[in-house]
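Line order of the protein sequences matches chains A and B.
All residue numbers for the first sequence refer to the numbering used here, where the first residue is 15 and numbers rise by one.
All residue numbers for the second sequence refer to the numbering used here, where the first residue is 834 and numbers rise by one.
Incorrect hints may have been included.
20 Å max Cα-Cα, derived SDA-like pairs, lysine to any residue [what the hints assert, rightly or not]:
#, chain 1, residue 1, chain 2, residue 2
1, B, K842, A, H54
2, B, K842, A, S41
3, B, K953, A, R105
4, B, K842, B, V916
Some, not all, of what chain B presents toward chain A, calculated at C-beta under 7 Å [unchecked claim]:
#, residue
5, L960
6, F961
7, I963
8, R987
It should be emphasised that the hints constitute simulated quantities derived from the structure, not laboratory data.
Since the structure is predicted, the reported quantities are computational estimates derived from the model, not experimental observations.
Virtual Cβ for every residue (Gly too), placed ideally from N, Cα, C.
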Amino acid sequence: MSSQAVAIGVGYEFPSVSVVVSREMISAYAAASYDFNPLHLDEDWMAEAEFGSTRFGEVIAHGLMTYSLVTRMLTDVVYPLGGWHERCEMRFIAPVRAGDTITTSGIVSHVRPMGAQLLYAAAVRAERQDATVVAIGDAMGRVPKGPLRPETHTVQRAMVDLPGQDQ
Amino acid sequence: MDVETDFWKDEERRATWDEIEVGVERQTRPVELTLEVIQAYARAIGDLNPLYFDEEYANHTVFGGLIAPPTIHVPLLFLATEVTDWMKTPGTINAGQNWYYRRPARPRDLLTLRARALDKLYHRERLFVIHDNVFYDHDQNVVCAGRGWTVRPR
């Protein structure tokens, strides 16, 4: 984000995070999260494994990786403003596979003054490149009141490439 | 940190859906959160926010020092649970999560997880468990609290 003033209010859209998911990225996330579920790592097993009537056919990304990307979208804005990311709730409704491009979105739906702060609620989601919603939910946070200018050291978009992603 | 990366190992020792006891606390162990774990996780989600990497910057923010990304609870949960914990059963599918963040986790925090199954149900041909997870700091203050739904493979 830039150092331009940010006004959190109803209708504010958080700048999205968009990543191309790769097997290397899924493996790197498994290692960093210590979640080594074969769902995410074992290609041979996933080629045949059935989950009720569902067969994924290949490894899938962690739902919490998507959740973490949505959270990153929110903290990229809120933290430089001196705010606090307070809550996030998401349902994971479609799988993410290697090769998918995941794009997050968030829009403020409600705000409520809370002392010197503004409490906000936002609708959040993540979609695949074909517009399939893979995760959907709500988030909540607080920012100081008024038009806000992020601190000098804001997150540089060029720096936020995921492991294994082609540059 | 001693971590088992093969989730097939000890598979037969883990509770099935029918064996998971609602309301009973899962066996956990305290975890000291390291800067290494924080930064590895941040990098894995492409999050190079200086709050996680630049101590001088972080010292001059409202946080007063380096912190962890909110979703650090993901590695913490797997580090804090035993190899036989049913969350590590191969084929466990995450259906949804919600987390409340009370304060940021920080390097050197000694965190304790209290976790249990809250409910379990057979819904649309799937076996679900609803579970809660609360992380406490060394003073027993809540750091973050979450609830999740997982689809059990067996």
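Quickly compare the C-alpha distance for B:K842 and A:H54 to 20 Å and report which way the hint goes. holds (16 Å)
Residue hint B:F961, partner chain A, criterion CB-CB below 7 Å: violated (12 Å)
So, as I understand it, the hint says B:I963 touches chain A; can you test that by seeing if any CB pair is closer than 7 Å? violated (13 Å)
Quickly compare the C-alpha distance for B:K842 and A:S41 to 20 Å and report which way the hint goes. holds (19 Å)
Check the hint pairing B:K842 with B:V916 against an upper bound of 20 Å on the C-alpha distance. Holds: B:K842 and B:V916 sit about 8 Å apart, inside 20 Å.
Within a Cα-Cα threshold of 20 Å, do B:K953 and A:R105 meet the stated pairing? Holds, at roughly 17 Å.
Does the interface hint hold: is B:L960 within less than 7 Å of chain A, judged Cβ to Cβ? Violated: closest Cβ of chain A sits about 9 Å from B:L960, beyond 7 Å.
Measuring from the C-beta of B:R987 to each C-beta in chain A, is the shortest one below 7 Å? Nearest chain A Cβ about 11 Å off; hint violated.
In this structure, the hints that do not hold are numbers 5, 6, 7, 8, in rising order.
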